[in-house]
Amino acid sequence: MTTLTEPSNRTGIATIVLVLLVLLILAMMGFASFFQSSGTGRTYSRVVDIRQTIEAGESAIFEAASCLRESMDKSQPIKGGTGDNWRELICQAVQNRDPSGINKDRRIPPTLTRDVFRSEVPSLRINDVIVNLVGQHFPTYPPLEGQPMYPCGVIEMSVTVFGAQRILQVAKTIRQRRFFYLNAKPGELSCASAIFFLLPESLGTVIE
Amino acid sequence: MVEILVVCTLSTTVFAALMGLWNGGIKMNRAAQSSTTLQNALLLEETIFQDFHQLGIDPKSVNSHLQAENCLSFYRVAFVGNEIRLRPVKYARVKGQNGLFFLSRTEVTPDGKTNTKVYRNAPLQHLSFGQLEDATFNRRYLRVDITVAESDRQINTSVQSANQERRGCRTLVARIPIPSGLGDLCLNVATKITPEPASGLLPLDPP
Numbered sequence: 015m016t017t018l019t020e021p022s023n024r025t026g027i028a029t030i031v032l033v034l035l036v037l038l039i040l041a042m043m044g045f046a047s048f049f050q051s052s053g054t055g056r057t058y059s060r061v062v063d064i065r066q067t068i069e070a071g072e073s074a075i076f077e078a079a080s081c082l083r084e085s086m087d088k089s090q091p092i093k094g095g096t097g098d099n100w101r102e103l104i105c106q107a108v109q110n111r112d113p114s115g116i117n118k119d120r121r122i123p124p125t126l127t128r129d130v131f132r133s134e135v136p137s138l139r140i141n142d143v144i145v146n147l148v149g150q151h152f153p154t155y156p157p158l159e160g161q162p163m164y165p166c167g168v169i170e171m172s173v174t175v176f177g178a179q180r181i182l183q184v185a186k187t188i189r190q191r192r193f194f195y196l197n198a199k200p201g202e203l204s205c206a207s208a209i210f211f212l213l214p215e216s217l218g219t220v221i222e
Numbered sequence: 015m016v017e018i019l020v021v022c023t024l025s026t027t028v029f030a031a032l033m034g035l036w037n038g039g040i041k042m043n044r045a046a047q048s049s050t051t052l053q054n055a056l057l058l059e060e061t062i063f064q065d066f067h068q069l070g071i072d073p074k075s076v077n078s079h080l081q082a083e084n085c086l087s088f089y090r091v092a093f094v095g096n097e098i099r100l101r102p103v104k105y106a107r108v109k110g111q112n113g114l115f116f117l118s119r120t121e122v123t124p125d126g127k128t129n130t131k132v133y134r135n136a137p138l139q140h141l142s143f144g145q146l147e148d149a150t151f152n153r154r155y156l157r158v159d160i161t162v163a164e165s166d167r168q169i170n171t172s173v174q175s176a177n178q179e180r181r182g183c184r185t186l187v188a189r190i191p192i193p194s195g196l197g198d199l200c201l202n203v204a205t206k207i208t209p210e211p212a213s214g215l216l217p218l219d220p221p
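Line by line, the protein sequences give chains L and Z. Quick note on my numbering: the first sequence kicks off at 15 and runs consecutively. Quick note on my numbering: the second sequence kicks off at 15 and runs consecutively.
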C-alpha cells in the first residue's frame, strides 16, 4: 500500500508536470509560429490580391477601349452589354449638339479579360466596364473665333473588380479617362465618312 | 540512491530540452522579425505603387515631378465632375535614431490643408528615389529602393551591426505615364486638367 506522499510517487508527479510543461511550451511555440505564418500569409495574399484586381481592372478598361475604338471605326454595335454603336451615338450627339443621349451608364463586357484572368484565378470577379461621356465640345458651324473646329470629348471608363480571396474582401474600382476627337467639321459631318480618334494613353487613372 | 539517479537523469533531460527550446525560440523570434520586416517593406512599396499608378501631369508645368535622392514630389489624379484635379503628393525620408530613417508621405487635400503621415512602425536602413531613362523608346521610369530594418533595431548602437541583421528589401520601378494630347486646344475645351487651387508641386527637402 503506497500513498501520494511517498518519494517514488512524488518523482512520478514531478516528471509528469515537467513533461507537461515542455509540451505546453512546444504547443505555445507551435501556435505562435502558426499565427506568425498566418499573419504573413494574409498580408502577402492581400497585397497580391490588390495587385491582381488593379491589373484586371486596367486590362478590362483597355479591352473596353479597344471595343469602343472598333465600334467607332467600323460603325458596328459592341457585342454584349448594352450593345451600343458608338459611331452613331456620337454622330447624333454632335449633329444635335446634345450629349444627353450618350450618358446612360453604357456597359461593355470585358469577355477576353475575364477569360484570361479566370483561367489563372477562377474566383476573381470582374464587372462590366461602365462608359460615360464626361466632357465634350460640339462646336457650332461656322465655329466661334478661338474655338477648335473639331468635335471632341472625354470618355470615362470605370470597372469594379472583386479579389480572389473572399475572406479578405478586396474590391477596387478603377477609373480612367480618354480623349477622343473627330476629323470632320460639324457642318460637313457625315457619319459614314468621319474618322474617329480615341487616344490610347489615358488622361489619368484613379483607384478607389 | 536510485531516486537521486532518476532525478539527475530527468533534470538533465529537461535542461537539455529547455536549452533546445530556448535556441528554437530565439530562431523563431528572428524569423518572426524578418517576416515582419519584409511585410513592412511590402506594405510601403504598395503604398507608393498605388500613388505612382495614379500619377498625373500638369500640362502647364515643365516637369511631371521633382526628384532628389531623399525626396520625390508629384501629382496624383482625382476626378472632380468634368475636371481632372491634380493633388500634390510628396514622399521624403525623415531622420530617426541610430542612422535609421522613416518614410513620410505628404498630401495636399482639396480644402488646401497639408496632411502628413510618417510610417514610424517601419524603420528604414535605406531609402532612395531615382529616375531611369530609356533612350530607345523615349520613356522615363521612377525607381524607389527601400530597405526596412527590424522594428526593434533601436537596441543596437552601430550601423555596422545593423547591416549584419536581417532586413526586408524591395525595389519598385514604375513608368511615368504621359497622356496623349496634353496641351491640345481640343483637349483644353473638353476637360480642364489643373492642380488643386493655390497649389503646385510640393518643394523638395534639402538633402
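One or more of the hints may lead you astray.
With a cut-off of at most 30 Å between alpha-carbon atoms, the simulated DSS-like pairs for lysine-lysine come out as follows [said to hold, decoys possible]: (1) L:LYS93 - L:LYS118; (2) L:LYS118 - L:LYS186; (3) Z:LYS206 - Z:LYS74; (4) Z:LYS109 - Z:LYS127; (5) Z:LYS41 - Z:LYS127; (6) Z:LYS206 - L:LYS186; (7) Z:LYS127 - L:LYS186; (8) L:LYS118 - Z:LYS206; (9) L:LYS93 - L:LYS186; (10) L:LYS186 - Z:LYS109; (11) Z:LYS131 - Z:LYS109; (12) Z:LYS109 - Z:LYS74.
Where chain L lies over chain Z, by a calculated footprint (3+ residues, C-beta under 8 Å) [as the list claims (entries may be wrong)]: (13) 33-47; (14) 102-111; (15) 135-148; (16) 151-164.
Partial selection, computed: residues in chain Z whose CB lies under 8 Å from chain L [what the hints assert, rightly or not]: (17) GLU60; (18) THR61; (19) VAL203.
Keep in mind the hints are simulated off the structure, nothing from the lab. Nothing here was measured: the structure is a model prediction, and the numbers come from that model. Idealized CB from N, CA, C, for every residue including glycine.
Taking the numbered hints from earlier one at a time, note which ones the structure violates and give those numbers from smallest to largest. The structure breaks hints 5, 10, 12, 14, 15, 16, 18; every other hint is satisfied.
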